[in-house]
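**Student:** These protein sequence lines map, in sequence, to chains X and E.
Here the first sequence is numbered in the working numbering, starting from 9 and rising by one per residue.
Here the second sequence is numbered in the working numbering, starting from 9 and rising by one per residue.
Honestly, the hints are just simulated from the structure, not real lab data.
Here a beta-carbon is modelled for each residue, glycine too, at the ideal position from N, C-alpha and C.
Accuracy of the hints is not assured; some may be wrong.
What the hints assert, rightly or not - Some chain X residues flagged as far from chain E (calculated, every beta-carbon gap over 10 Å):
| # | residue |
| --- | --- |
| 1 | Pro97 |
| 2 | Gln124 |
| 3 | Pro141 |
| 4 | Leu149 |
| 5 | Asp159 |
| 6 | Tyr173 |
| 7 | Gly198 |
| 8 | Lys200 |
| 9 | Gly202 |
| 10 | Gly239 |
Unchecked claim - Pair ranges (Cβ atoms, derived):
| # | chain 1 | residue 1 | chain 2 | residue 2 | range |
| --- | --- | --- | --- | --- | --- |
| 11 | E | Ala140 | X | Asp42 | 33 to 39 Å |
| 12 | X | Val45 | E | Arg178 | 18 to 24 Å |
| 13 | E | Asp71 | X | Ala162 | 56 to 62 Å |
Said to hold, decoys possible - A partial selection of chain X residues facing chain E, derived with a Cβ cut-off under 10 Å:
| # | residue |
| --- | --- |
| 14 | Gly151 |
| 15 | Ala206 |
| 16 | Ser231 |
Listed below are the residues making up each chain.
There are 2 protein chains.
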Amino acid sequence: MTVTVDIWTDINCPFCYLGKGRFEAALRGFDRRDDVVVVHHSFELDPTVPADVSGAVEQHIADKYGISAEQVLANERGIAAQAGELGLPYKVGGRDYGSSFDMHRLLHFALSQGKQETLLDALYAGNFAEDAPLFGDRERLVGVAVTAGFDEQAVRGVLDDPEAYAEDVRRDEQQAAALGVSGVPFFVFGGKYGVSGAQPVETFTRALEMASSEQIVTVGADSADTCGPDGCAVPQAD
Amino acid sequence: MTVTVDIWTDINCPFCYLGKGRFEAALRGFDRRDDVVVVHHSFELDPTVPADVSGAVEQHIADKYGISAEQVLANERGIAAQAGELGLPYKVGGRDYGSSFDMHRLLHFALSQGKQETLLDALYAGNFAEDAPLFGDRERLVGVAVTAGFDEQAVRGVLDDPEAYAEDVRRDEQQAAALGVSGVPFFVFGGKYGVSGAQPVETFTRALEMASSEQIVTVGADSADTCGPDGCAVPQAD
């Protein structure tokens, strides 16, 4: 039986990166992992950032919350330590911030190609593990997608058309709002079991087990036209 | 949010063909149909039929249940009338019976290609709507798959290797048994809501609605490390 995991995420959200790593650790240990279908959904941490604005993330955070640049770096080192426990590379310092709307549009394009996971992993690596800003550089975004195996013309086509997959991004965000989701990552297992944040691996394991062991509730008549080892309950022609 | 529909089915089961048509009628009218993921699972009505045995289905049914050939045809006409209401072609008479194991193996191969639905529709059409036996003729089976868009060498490769995808078929059947499923079609919506048999369209609509409107239950801590519009709840580095 198929178990779905819907994950709301943003590319510039370090806890989404950590949360994905912890969820995947749980998935690797789940005996019915072949039955699990994962779909990633769009969530912009800050939908108000204009498309052409970006800058160093440390200074942006320091300014926004009135903390020192050193404190921001200390926080980053804390996240890097947690990433290290999962074997995830995490580069402290040098990231930029900016609008993720176009990245989410590309993730919906990738979903339509059956390769959403590939692109998300490439975007996370580009943002958190590699030594170059991702948000401020459209050519680098194209390069990350192409290196991940996507067709360059198709990627440019999506980026050149501001409405391409835009409605899909908005629909994901509306659904997050309808669910009361105010922070990401947010996971829903089997359409029912919610996990908020980068929780411990065991929490994801528990959610997978709960979603895959639901008691079946009958909808409609108990019996209807079926075929079985004893034949088909065919309608009687008077 | 993704809604899964798991459907256990057999190719030689007329009510599976009808049930799929009714489910799809419900799906067409479901406003969140783009979020629905359908996976078809294997169920052999008669796993004891040897691979090399087949024959006319009417006579087989008449012999098996001690009813007249005319009664069998009358039953078939009743099913054809129900198929007609759904706009599904159904040819009365001329079908054959036989082992569906290899077809189920091919359906798992098709699933691995992301084209399971295409093959299942082609097999149903080949068995119920077209004027040639499907079970008794391996070359026709290859032809149906190739016409549906599958690579001939790959299809022959699966059929030539009796263990290819065989474990997937058995696993589906074991899960059906574990769920207490004794007849098909059997549908599970969202891992929870079961519909047995070719029920009316409205029943499938109700199951879709129930599966897509589950109340979210929180697993794990209410709050954990998340990022939101007000920033990330980053771990405090003492």
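**Student:** Against this structure, judge whether each hint is valid.
**Tutor:** We went through each hint and held it up to the structure:
1. For Pro97 (chain X), the shortest C-beta to C-beta distance to chain E comes to about 18 Å, beyond the 10 Å cut-off, and the non-interface label holds.
2. Listed as a non-interface residue, Gln124 (chain X) keeps its Cβ farther than 10 Å from every Cβ of chain E; the least gap is roughly 12 Å.
3. Distance check on Pro141 (chain X): its Cβ is at least 18 Å (rounded) from any Cβ of chain E, clearing the 10 Å threshold; non-interface status holds.
4. Residue placement check: Leu149 (chain X) keeps its beta carbon more than 10 Å from all beta carbons of chain E (closest about 20 Å).
5. No beta-carbon of chain E comes within 10 Å of the beta-carbon of Asp159 (chain X); the shortest separation is about 17 Å.
6. No Cβ of chain E approaches the Cβ of Tyr173 (chain X) within 10 Å, the least distance being about 12 Å, so the stated non-interface status holds.
7. The claim that Gly198 (chain X) lies off the interface is violated: its Cβ sits roughly 5 Å from the closest Cβ of chain E, which falls inside the 10 Å cut-off.
8. Distance check on Lys200 (chain X): its Cβ comes as close as 4 Å (rounded) to a Cβ of chain E, failing to clear the 10 Å threshold; non-interface status is violated.
9. Gly202 (chain X), annotated as away from the interface, has a beta carbon of chain E within 10 Å; the closest lies near 4 Å.
10. Remark: the non-interface label on Gly239 (chain X) conflicts with the geometry, its nearest Cβ contact in chain E lying 6 Å away (cut-off 10 Å).
11. The hinted range of 33 to 39 Å is satisfied by Ala140 (chain E) and Asp42 (chain X), whose Cβ atoms lie roughly 35 Å apart.
12. A C-beta distance of roughly 21 Å is found between Val45 (chain X) and Arg178 (chain E), which places it inside the suggested range of 18 to 24 Å.
13. Between Asp71 (chain E) and Ala162 (chain X) the beta carbons are some 57 Å apart, a value that agrees with the proposed interval 56 to 62 Å.
14. The beta carbon of Gly151 (chain X) is not positioned within 10 Å of any beta carbon in chain E (closest approach about 26 Å), and the interface hint is therefore violated.
15. About 4 Å separates the beta-carbon of Ala206 (chain X) from the nearest beta-carbon of chain E, less than 10 Å, and the hint is met.
16. The closest approach between the C-beta of Ser231 (chain X) and any C-beta of chain E is roughly 6 Å, which is under the 10 Å cut-off, so the hint is satisfied.
Consistency note: the structure conflicts with the earlier hints numbered 7, 8, 9, 10, 14.
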